[in-house]
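The working numbering puts the first residue of the sequence shown at -10, with every later residue one more than the last.
Among the hints, erroneous ones may be present.
Calculated cross-link-like contacts (lysine-lysine; reagent style PhoX-like; alpha-carbon spacing at most 25 Å) [as the list claims (entries may be wrong)]:
1. Lys72 / Lys33
2. Lys21 / Lys9
3. Lys9 / Lys72
4. Lys72 / Lys21
Rather than coming from a laboratory, the hints here were simulated on the basis of the structure.
Since the model is a prediction, treat every value here as computed from it, not as a measurement.
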Amino acid sequence: MNITEIYDLCVQFVEDAERKQDTDVVREFLTKHSFRECPTEDEKFDQGHDREIGPDRVFVQYRSYDTSQAFSIRPDMNIYLLKLVRNGVVISRQEVRFLDQY
-10 MNITEIYDLC VQFVEDAERK QDTDVVREFL TKHSFRECPT EDEKFDQGHD REIGPDRVFV
50 QYRSYDTSQA FSIRPDMNIY LLKLVRNGVV ISRQEVRFLD QY
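Turn these sequences into a full structure, and let the hints guide you.
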């Protein structure tokens, strides 16, 4: 499997997580496809994972935050930012946001 196929598959799994409102879908994908934990590139994000093949890289950043306000309990917002990097240049970028299930 080449890096572009891994990126496309990662996008599919993040979109599946959005449909199911379940972050475990992405966590399982990252483990199964040998992504390693790495620092995030943006301090807004809590977690970073990447997979490298030669000079190419799929980079996934994740964060969640509480959307509740005073007198209003609401689900957490989940945000994934995926990047396909070829020779140090971002050639594709995808962001997916979704709320947790109630």
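Quick rundown of the hints versus the structure:
1. Taking the CA atoms of Lys72 and Lys33, the gap is near 16 Å; set against the 25 Å cutoff, the hint holds.
2. Pair hint Lys21 plus Lys9 holds up; C-alpha atoms about 19 Å apart against a cutoff of 25 Å.
3. Of the supplied pair hints, the one linking Lys9 and Lys72 holds, its CA atoms being roughly 22 Å apart against a limit of 25 Å.
4. For a cut-off of 25 Å, the pair hint linking Lys72 to Lys21 stands: about 19 Å separates their Cα positions.
The structure shown violates none of the earlier numbered hints.
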